[in-house]
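Student: Protein chains in written order, with my numbering: chain A, 44 to 376; chain B, 16 to 315.
Note that these hints are calculated values from the structure, not bench results.
Check the hints yourself; a few may be wrong.
With the Cβ distance kept under 7 Å, some of the chain A side facing chain B (calculated, not the full set) [to be verified]: (1) ARG124; (2) LEU133; (3) GLU137; (4) THR140; (5) LEU142; (6) ASN143; (7) VAL145.
Label-pair restraints from in silico Cβ distances [claimed, not checked]: (8) B/SER201 to A/ALA117: 27 to 37 Å; (9) A/GLY241 to B/ALA125: 47 to 57 Å; (10) B/PHE223 to A/GLY356: 48 to 58 Å.
For glycine and all other residues, C-beta sits at the position ideal for the given N, C-alpha and C.
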Amino acid sequence: MAPLLEVRDLAVGFPGQVVVHGVSFHIDPGETLALVGESGCGKSMTAFALMRLLPPTARILRGQVLFDGTDLVAASQRVMRDILGKRISLIQQEPMTSLNPVLTVGAQIAEVIRRHEPVSRAAAHRRAEELLDLVGIPEPGRRAKEFPHNFSGGMRQRVMVAMAVACQPRLIIADEPTTALDVTIQAQVLDLLDGLRGQLGMAVLLITHDLGVVAQWADRATVMYAGRIVEQAPVRPFFRRPRHPYTRGLLDASVNEAGEADGAHYTTRRLNEISGSVASAAAEPGCPFAPRCREMIQACRAAPPALEPMPDGSEVACIIAARTEAPRVAAVG
Amino acid sequence: MSTLSQEHLTQHSSVGPRGSVRRRHRLLRASLRNPSFLIGLAILLTVIGIALTADQLFPGDPQDMVGAPTLWPGQDAEFPLGTDSLGRNVASGLAHGARVSLLVGASAAAIGLAIGTLIGAMAGYFGGWLDTLLVRLTELFQTVPTFLLVIVIVAIGRPTAPVIVLAIGVAAWPTVARLVRAQFSSLREAEFIAAARSLGYGAPRIIFHEILPNALAPIIVIGSVMVANAILTEAGLSFLNMGDPNLISWGSMIGDGRPLLRTAWFLCALPGGAIALTVLALNMVGDGLNDLLNPRSRTA
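From just these sequences and the hints, can you work out the full model?
Tutor: What follows is the structure, given as structure tokens:
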């Protein structure tokens, strides 16, 4: 199956600083890919670069973003504007501030539809009400005439989802869609998004730093560290057999039921941490994680390792992981 | 969906009903509690009423000589506010002058607002070199004294009402441009503008449909003050005999009364009082609007 979106060697930088060092990944039609990493690892930059919505001083340095056969990096502003909101749409982090405070919710949804489809004002408003109903807002006819300040955070995020799916896009980019919401509402919104994904046949690029969210809602996970992809794997092997030392560190540093023998919902065990800080990656000529890695060997410092395919469909950018897996590949073959 | 979420939903739908209607009621109630706004509005509506009915109240040309010269107010029942040195009815002049003053004031303010909003919006939204260029242009206009600029433009053109309106509008836009630019350059960073970009909206749609409604409150407030300033400027021009000679305005009435200031001071005082009252009313309305539309004074 041809991928819906294919990112090839995408690099993004600010003047005098590179923040994304050539990442490559793809998203198949209808799948959810989670882009995981800590704050500042470049995951949001990557997402905004492929929509060409970077902050004014940031530049795409090289690479290609192929979406349905169009290279988004080379596309004109006009082409991009026709794609955004119609075929690719974004759900932002902050539902409280992402809606225009002086326009009614119905008008805002209708405007998206009118921007991209030749429908009458009345038809667009009817569609807006249907969409509010679709995202589970009760009494959509009445709520459509209300302003964002009449809605709670979770409800606003539902409205954002309604705006994002208004023109039935092929791809939704969700930039930490639930960070600002409390846990119960978070699950509702992600369930809603996942349901709509199946219903409307969309793919989702889910940007998150919450591994619980990845485990429950993603098909594949891509881990970024200091502007590079360090591991990429389907969710099952990702959690069963994390290969990159950074991924293992992340999983070690979170509370997971598997670790606690009797299935208790609490632990008294001290969680492991990854020593050092991301800042150490700045001047590192080799693997960006080398300064913090417990398994680091001399070869790690030579050059950043490339992503190597593993037998179960994972890809890892780690010399040691690649070496230990290599004989296994031979034995299987 | 869990029971908790159900609770959440019903709770919020009971908070929200008819928010827009409620808001309108709240604005109305708040304005009723603001006496200076109400007084200003009452004066302004009276002046507008007189201006609109000037032809019915005082038929005929106010420039016509209808009575004996310099009759004092109350001296002749036919001319309750007296006549000027040429025997023109002062009351009729005030009524017709209100029409000219308000019309010039409102249209000049509208021109100033249009230019200022457009330039301020472009500078604030696009930023970069365009911002620098437009800010420099604004500053250039601001360094020239407003009144002097108006006089120069009117002197170059002809002293007709449209030229005067244009001159005042052109001289008044920099204040608006600076205000609008400040609003736009902070609002363009807002999350909902980033969201608008991610929906494929172009610059014109974002500027006029997404940002402008959010910046409207201070623009309305400054608009009322601009009308007041334009009326003053027009009065100043007419006083200097640079107004439209075919139209009677409050400023020209003061100018005509000036030579008789010691003997018939009412010829200057009456139109002067009308100007002062109207400008005061506009400022009171502007102040009131500022309180009413200021989001920080809202207790929503």
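Student: Does each hint fit the structure? Answer for all of them.
Tutor: We went through each hint and held it up to the structure:
{"no.": "1", "hint": "ARG124", "result": "4 Å, holds"}
{"no.": "2", "hint": "LEU133", "result": "4 Å, holds"}
{"no.": "3", "hint": "GLU137", "result": "5 Å, holds"}
{"no.": "4", "hint": "THR140", "result": "4 Å, holds"}
{"no.": "5", "hint": "LEU142", "result": "6 Å, holds"}
{"no.": "6", "hint": "ASN143", "result": "5 Å, holds"}
{"no.": "7", "hint": "VAL145", "result": "4 Å, holds"}
{"no.": "8", "hint": "B/SER201 to A/ALA117: 27 to 37 Å", "result": "33 Å, holds"}
{"no.": "9", "hint": "A/GLY241 to B/ALA125: 47 to 57 Å", "result": "54 Å, holds"}
{"no.": "10", "hint": "B/PHE223 to A/GLY356: 48 to 58 Å", "result": "50 Å, holds"}
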